[in-house]
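Residue numbers (our numbering), protein chains in the order written: chain A, 1 to 102; chain B, 1 to 102; chain C, 1 to 102.
None of these hints come from the bench; they were simulated from the model. Take these hints with a grain of salt, some might be off.
Because identical chains share one entry, a pair is satisfied inside a single copy or across any pair of copies.
As the list claims (entries may be wrong) - Calculated lysine-lysine pairs in the DSSO-like style (CA-CA distance at most 27 Å, straight line):
#, residue 1, residue 2
1, K74, K21
2, K49, K74
3, K49, K21
4, K18, K49
5, K21, K83
6, K20, K83
7, K20, K74
8, K49, K20
9, K74, K18
10, K83, K18
All values derive from a computational prediction rather than experimental measurement.
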Amino acid sequence: MTDEVTMVRIYCTEGEHKLKKMLNYLHNEEHVAGVTAFRGVAGFGRSGKMHTASLLDLSLDMPVVIEFFDRPEKMAAVIEHLKTLLEPGHLVYWPARTNLSD
Amino acid sequence: MTDEVTMVRIYCTEGEHKLKKMLNYLHNEEHVAGVTAFRGVAGFGRSGKMHTASLLDLSLDMPVVIEFFDRPEKMAAVIEHLKTLLEPGHLVYWPARTNLSD
Amino acid sequence: MTDEVTMVRIYCTEGEHKLKKMLNYLHNEEHVAGVTAFRGVAGFGRSGKMHTASLLDLSLDMPVVIEFFDRPEKMAAVIEHLKTLLEPGHLVYWPARTNLSD
Numbered sequence: 001m002t003d004e005v006t007m008v009r010i011y012c013t014e015g016e017h018k019l020k021k022m023l024n025y026l027h028n029e030e031h032v033a034g035v036t037a038f039r040g041v042a043g044f045g046r047s048g049k050m051h052t053a054s055l056l057d058l059s060l061d062m063p064v065v066i067e068f069f070d071r072p073e074k075m076a077a078v079i080e081h082l083k084t085l086l087e088p089g090h091l092v093y094w095p096a097r098t099n100l101s102d
Numbered sequence: 001m002t003d004e005v006t007m008v009r010i011y012c013t014e015g016e017h018k019l020k021k022m023l024n025y026l027h028n029e030e031h032v033a034g035v036t037a038f039r040g041v042a043g044f045g046r047s048g049k050m051h052t053a054s055l056l057d058l059s060l061d062m063p064v065v066i067e068f069f070d071r072p073e074k075m076a077a078v079i080e081h082l083k084t085l086l087e088p089g090h091l092v093y094w095p096a097r098t099n100l101s102d
Numbered sequence: 001m002t003d004e005v006t007m008v009r010i011y012c013t014e015g016e017h018k019l020k021k022m023l024n025y026l027h028n029e030e031h032v033a034g035v036t037a038f039r040g041v042a043g044f045g046r047s048g049k050m051h052t053a054s055l056l057d058l059s060l061d062m063p064v065v066i067e068f069f070d071r072p073e074k075m076a077a078v079i080e081h082l083k084t085l086l087e088p089g090h091l092v093y094w095p096a097r098t099n100l101s102d
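Only chain A is shown next, with the shape it has when bound in the complex (with noise of 0.2 Å):
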């Protein structure tokens, strides 16, 4: 058995309302083994519009960052799905190894 993984990281905003999308997706459909999402403080994308937490704390436009890992031959089939759903660069994934797993 290996222990060789592919780490995904998708890039978007709250207002998109994608986070919950996303996690459903992963969830329910693709049953990955684990999903973390990170709130980012500051950010800008390919628009150049700077995002920032300064002025309003629950801003939807903030930067949300949905993260996770499974095995290579999985992922590789969840990221051709993501591609045909997020805009370019909106997806990095790259290969990873974890803690074996039964």
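Got chain A; can you put chains B and C on it based on the hints?
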């Protein structure tokens, strides 16, 4: 001198009290050069139970990720020890590079 | 066209005022495609001094990580410049892949 490092991320929840234990272990026993912990706003693990910040902002069940990196040979020993402490799939690591330290 | 990118993470603290400076540099001078900053809830650096959110939630000493990725040749130039600005061990980068942008 090489600028190669191993990057490590550990996944736990605040309720496990693992955050403080892990920080102390990495700080006091392993003397890792730097560690940062991040609190997630949503997530789910192998149990499939979803955790979100929507119900209670200070929920003890929120995901926490602990991130650190150091020289590969030092990290190899730390990873071996962490494997005895963490559940399968709660640790991920990959090779990276840093700006050189003296 | 290739989907290869270099992923970069920069470690600083809020008290250094580096967050805004870095975001402005990456946004205005380097025109990096996207940048996200995350605030840690705990951490320690080479000084060994522990930072946590437990005492004061708005502490200026809290760790902040700035994350971005772009084409490897563009990131190589940015990394060379960042090395002149950042202390050793405050920058980490690794190869990754993205969904293609036009």
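> Of the hints given before, which are not true for this structure?
Replying inline: none
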